[in-house]
Each structure stands twice: as structure tokens, then as C-alpha cells.
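Engineer: So the chains spell out like this:
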Amino acid sequence: MARRENPEINAGSMADIAFLLLIFFLVTTTMNVDSGISKKLSEKPPADYVPPIIKEKNIFEVNLNFRNELQVEGERMEIKDLKDAAIAFIDNGGGEGKIEEGVKTGPCTYCKGEKSESSSDHPNKAIISVLSDRGTEYGVYLKVQNELLRAYTELRNRLSKERYGISFDELEESYKDDRNNVALQKKVDDIKNSYPQIISDAEPTSSGN
Amino acid sequence: MSKFRKKKKGMPAVNTAALPDIVFMLLFFFMVTTTMRETELQVENPRLPSATEVKKLEHKSLVSTIYVGKAKDAKYGTSYNKIQLNDKIASADDVPAFIINERSKVPENQQPFMTTSIKADKESNVGTITDIRLKLRDVNALKISYSASKGDN
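Respectively, the protein sequence lines represent chains A and B.
According to my numbering, the residues represented by the first sequence are 1 to 209, in order.
According to my numbering, the residues represented by the second sequence are 1001 to 1153, in order.
Just chain B, same shape as in the assembly (with noise of 0.2 angstroms):
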């Protein structure tokens, strides 16, 4: 009888040499399209407003993003309109300087395709956005973008 016994056997292990590539593929991915955030959020990730008319804003390097939000630490208040400009909270008075720091990263001839993109926060008020559209004026940086994602209502 013992002739026909079956042989025991365990399960045959399944080959798993090509799960590390398939992982390595999709990190590759995940690293390409990753954009470090350079800045560290002072404001509440702000609630954009969405809107059908937007456009999808060229050239990254030539954009300085100003967030307007509510502060994250709490001794800022609880108001909608503090502005995050580089890595900490700032006031209107600080926009030139931002600005012409940014100016000074780009070569000359790109210069005037600079855009502000202005990301505030759905419950911030018109007079904060006043604020830093008068101070981007005044130092010439005209062409802003507000920031909206792209939806109905």
C-alpha cells in the first residue's frame, strides 16, 4: 500500500521575484509627479472656491502663491483672513518684499509673466484680497490669479 501513498507535499511557493518590480514601477511614478510642498502651511489647507471659468496657470516657477486662510496656531484668532506669505504669518505691508524676493529667483526676460496666485480660503473676506491686490499694484506685479477649482458651484 505504502507504494501508492501520496507523497506529502506542501503548497509550491508562489514566486514573488516580480512583486518588487511592479512596487519599484509605482514608486518610480509616485516620484516624478510628487511636487514637494517647499512651503510649510501656516493656514488651514484653504477651501477654495470652484468656478467654470478657470484656467490652468503655465510655467510653476514663475508663480508666488499667497495662501489666505485661518491660522493654524491659535493665537492668530479664528478669522478667515490671515495671510500666509513664504513660511509665516504676515500682513499686507509684507507683500512687496515677498514679491520682489521672487522676482529676484527669475532671470530678467521672464520676468513679466510672473503670476500672484492668490489661494484664499471660500469665508475670507473681499477686504483682505483688496489689501493684497493694492500692494501687488503698487509694486507692479499685475498679472494674479485667483485661485478656484474647476466645478459647478
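Looking at chain A on its own, in the form it has when it is part of the complex (with noise of 0.2 angstroms):
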């Protein structure tokens, strides 16, 4: 028998099924990114609990009604506005803070604000609370909350850098690189405890539809 040369294997068709299968995932791929705005719960108050009296003054007064339309402490804004109004009332600082485990925080000493005797005392005692209707669209509540978080995160970074020279956010970022490092740990408390995120939401009303 001749010796024949092996017969080459003719691969052309094996990129047309490579690209068959490509394709089918290009289409079912989601590139989803998750993000969101994270938050926490407060617990179910127990049957029996009696919310504790707050000064009108250490509350922030957020409403939205049903045309959504913003109303804060009383009167009309616009949504650009809501964080600086936010800022200047949470940094007022025009008293003492609140007790902390019997000891005293003592007046806001990093506070810029106004001081202003109507506005609140301290950051620790600055509550904001969202009213909004059960006919209020979702997009706009989500961004007055965003824009109150907003407000928040500006504080933060304003002391951040006062106190250890970077933003807030870099800390966090740094902290969350260096989970074991305690000097970090203790710079981000220090910043989140002087600025707490008090944001409550109140049971909506439903006068809309």
C-alpha cells in the first residue's frame, strides 16, 4: 500500500459553532450591576412603646405629597434646595448634644452652622423625618433621600478632612481595604458618631389616590 500523507482535518466550521455559542451568550448576558441605596430598618417597637418626646426643634420636617411636591418645615421647595437646608440644619449646633452612656457630648464644637436658637441642638439630637403619601412616586422619594444622604456625606467630609486631612470616603475606602487596622476603625466612628445618619421614615399618609 502507498504511504499516504494523514488528510488534513478541516477546522473551518469549528469558528462558525464557536461563534454560535458566542453570540448566545452575548444575548443572554446581563451586565447588571447592583447598587443601590442602602438602609437599615429600624426595629418593631414593642407593644407597649412609648416613642420618647423630641423638641420640635431637633426635627426636620420633610413632606411629600401625592403631586409630589416638597415641603420642608413648613414651606415649599424645590429639590436642588433640600440639601443645603438639610446642611444648615443639621449642623446648626445651637446646644448641648445628648447624653451618651451618662456622659455629656457637650455643645457641637465642629459645627459651622448658624447656631440658631430654633434650629437643632446638636447633630446627635438632629432627626430628619420623611413624610411622604402613599401616592408619592418612588423616583422622587428616592431622590429626597438621596439628597439628604447627600447632605450627610458632605458633612462628613468637611470633618474628615479638618480631622486626619482626607475625605471621608477615601477613610471608608481605606477601612474597608484594612479591615484589621483599629487606628482606622476608630477614625471612621469617630467621623460617623459625630455626624449619625438619623433619617426616619414616618408611616405614610394616603389623601391621594
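Read the hints as simulated data drawn from the structure, not as lab findings.
On a predicted model such as this, the values are computed, not experimentally measured, just so you know.
There may be inaccurate statements among the hints.
Straight-line distance between alpha carbons at most 27 angstroms, and here's what the computed DSS-like set of lysine-lysine pairs gives [stated by the list, open to error]:
| # | chain 1 | residue 1 | chain 2 | residue 2 |
| --- | --- | --- | --- | --- |
| 1 | A | Lys-80 | B | Lys-1009 |
| 2 | A | Lys-192 | B | Lys-1150 |
| 3 | B | Lys-1070 | A | Lys-186 |
| 4 | A | Lys-40 | B | Lys-1122 |
| 5 | B | Lys-1060 | A | Lys-80 |
| 6 | B | Lys-1150 | A | Lys-83 |
From the structure, some residues in chain A lie toward chain B, with a derived Cβ separation under 7 angstroms [as the list claims (entries may be wrong)]:
| # | residue |
| --- | --- |
| 7 | Phe-25 |
| 8 | Lys-39 |
| 9 | Leu-149 |
Anything over 12 angstroms on all C-beta distances counts as not near chain B; from chain A, calculated [claimed, not checked]:
| # | residue |
| --- | --- |
| 10 | Asn-6 |
| 11 | Ile-17 |
| 12 | Pro-45 |
| 13 | Pro-52 |
| 14 | Lys-55 |
| 15 | Glu-96 |
| 16 | Glu-117 |
| 17 | Gly-139 |
| 18 | Val-140 |
| 19 | Glu-147 |
| 20 | Gly-165 |
| 21 | Ile-198 |
| 22 | Glu-203 |
The beta-carbon is built from N, C-alpha and C at its ideal position, and this holds for glycine as well.
Fit chain to chain and form the complex, with the hints in mind.
Structural biologist: Next comes the structure, spelled out in C-alpha cells:
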């Protein structure tokens, strides 16, 4: 028998098959980046729970009606002005802070607000209460929440820059990379406790719809 | 003359042997990065609101997702307030059962880190979200994340 060379296998259609698979994955892939505004709900209060009495001036009332209109402290406001109003309220520092584990926190030394008598005493006493209607659009509601968070972020960044020379975002980022760093954790907690986020959601009304 | 006549020659075939390799490389990339949607969406893909203060969700296996939006099936009506749990449209009253079911899939020491991600359409109503939130509080699923895309407005 004559010696024959091995015939080459035709691999021309291999690319076609691979393309077919590739296109399948291309079509089914969802590149979803899961991100969102995280919140911690308050625990369910016991049946006999009596809410503590809070001074009127320490509450920052944000109302949203079913027409998506914003009312802050009894006056109409545009969403873009909300952040600055919230900052002015949180950072007011008009009085003594709350008592933590028997120790008075005293007046706010790092606040740069107006120290007005009619606004909040201390960032750790300042409560932002968001009241919305059942018919309010979710997108608007989230925008309001976002603006309030932005107010806190701005204040925290400012304080962190003052105390540690870097912004709070960077501080948190470096803490994330180095979880066991106690000194870093102290810094993060310090800033967080100086401007604690106290945003409460009131039971929505149902005037519209 | 015929001596100098150019030999008729076709174009040499381009070697395409490396083509499958490249395609396979792409294929593997997509296979690795793909996450198959485990639930079929019964509501229209929610148009997420956008926000600047978003945080990335970590630990995908500890996240349970609740979709809120307009039902694809017209028999549920045209409002943007339909809640989807698992594969079907449900009401807020079914949320506790859904969470308990999700919780049973996770080892006990991980359970406090479980997060509920609410993917709601921009035009949903706050009332629907509140209903879900109250039910979540009943079963002590306190960590939630309002899904939003990063960006201004």
C-alpha cells in the first residue's frame, strides 16, 4: 500500500460553532451592576412602646405629597435646595448634645452652622423625618432620600478633611481594604458618630389616590 | 512567449486557523462573566431611579431581590405597583414567607448579613414600598437596599 499523508481535518466550521455559542452568551448576558441606596430599618417596636418626646426644633420635617411636591419645615421647596437646607439644619449646633452612656457630649464644637436658637441642638440630636404620601412617586422619594444622604456625606467629608486630612470617602475606602486596622476604625467611627445619620420614615399618609 | 506568461494563480487562502482561538477566548470571557437570571421577570424591566449616594451590593448570594413594577401580563392591570417574588406576581402579604424561604438557604452565621434589594420602577408608589418595608420589619429583615443606578438624576 502506498504511504499516504494524513489528510488534514477541515476545521473551518469550528469558528462558526464557536461564534454560535458566543452569540448565545452575548445575548443572554446581563451586565447588571447591583448598586443601591442602603438603609437599615428600625426594629419593630414592642406593643407598649412609648416614643420619647423630642423637641420640635430638633426635627427636620420633610413632606412629600401625592403630586410629588416637596414641603420642608412648612414651606415649599425645590429638591435641588433640599441638601443645603438639610446641612444648615444638621450643622446648626445651637445647644447641648445628647447624653451618651452618662457622659454629656456638650455643645457641638465642630459645627459651622448659625447656632440659631430655633434649629437643631446638636448633630446627634438632629432627626430628619420624611413623611410621604402613599401616592408619591418612588423615583421622587428616592431622590429626596439621596439629597439627605448627600448632606450627611458632605458634612462628614468636611469634618474628616479637617481632622485627618482626607475625605471620609477615602477614609472608608481604606478601611474597607484593611479591616483589622484599629486606628482606622476609630477614625471612621469618630466621624460617623459626629454626624450620625438619623433619617426616619414616618407612616405614609393616603390623601391622594 | 509562453515561457514568460505568468502562471495563473489564485489568491492564496488567508490562514484562519487562529480565528476559532480568538472566538473561543471571547466565548470563555462571556461564559465566566455571565450570571444567568435565575428568575424570569414577570414585571417589565424596572426603570431604576438614579442617585449619587449608591453603594455596591456585596455578597450576591446573601441578596434577595424583590421586583416592583408594571406586570407584563395585562390581566394584572397597568399600574406600576405589582410585586414580584420568585417567579410570580404576589402581594405584600407574601413577603415574610419569601424572606423566610430565602433565609433557609443561607447558613445561620451568615443570616444577619442578608440584604433585601428592592428593584422598583421610578413610577411605583411609595405606598407599595412601605407595605413591603413593614412586612420586612415583621420578619426582622432590616437591611435593605433601594436599587438605583449611579448618576445624576
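Engineer: Hint by hint, say whether it matches the structure.
Structural biologist: Tested hints:
no. : hint                    : in the structure
1   : A:Lys-80 to B:Lys-1009  : violated (73 angstroms)
2   : A:Lys-192 to B:Lys-1150 : holds (23 angstroms)
3   : B:Lys-1070 to A:Lys-186 : violated (46 angstroms)
4   : A:Lys-40 to B:Lys-1122  : holds (21 angstroms)
5   : B:Lys-1060 to A:Lys-80  : violated (34 angstroms)
6   : B:Lys-1150 to A:Lys-83  : holds (18 angstroms)
7   : Phe-25                  : holds (4 angstroms)
8   : Lys-39                  : holds (5 angstroms)
9   : Leu-149                 : holds (4 angstroms)
10  : Asn-6                   : holds (16 angstroms)
11  : Ile-17                  : violated (8 angstroms)
12  : Pro-45                  : violated (10 angstroms)
13  : Pro-52                  : holds (19 angstroms)
14  : Lys-55                  : holds (27 angstroms)
15  : Glu-96                  : holds (30 angstroms)
16  : Glu-117                 : holds (31 angstroms)
17  : Gly-139                 : violated (3 angstroms)
18  : Val-140                 : violated (8 angstroms)
19  : Glu-147                 : violated (9 angstroms)
20  : Gly-165                 : holds (23 angstroms)
21  : Ile-198                 : holds (16 angstroms)
22  : Glu-203                 : violated (8 angstroms)
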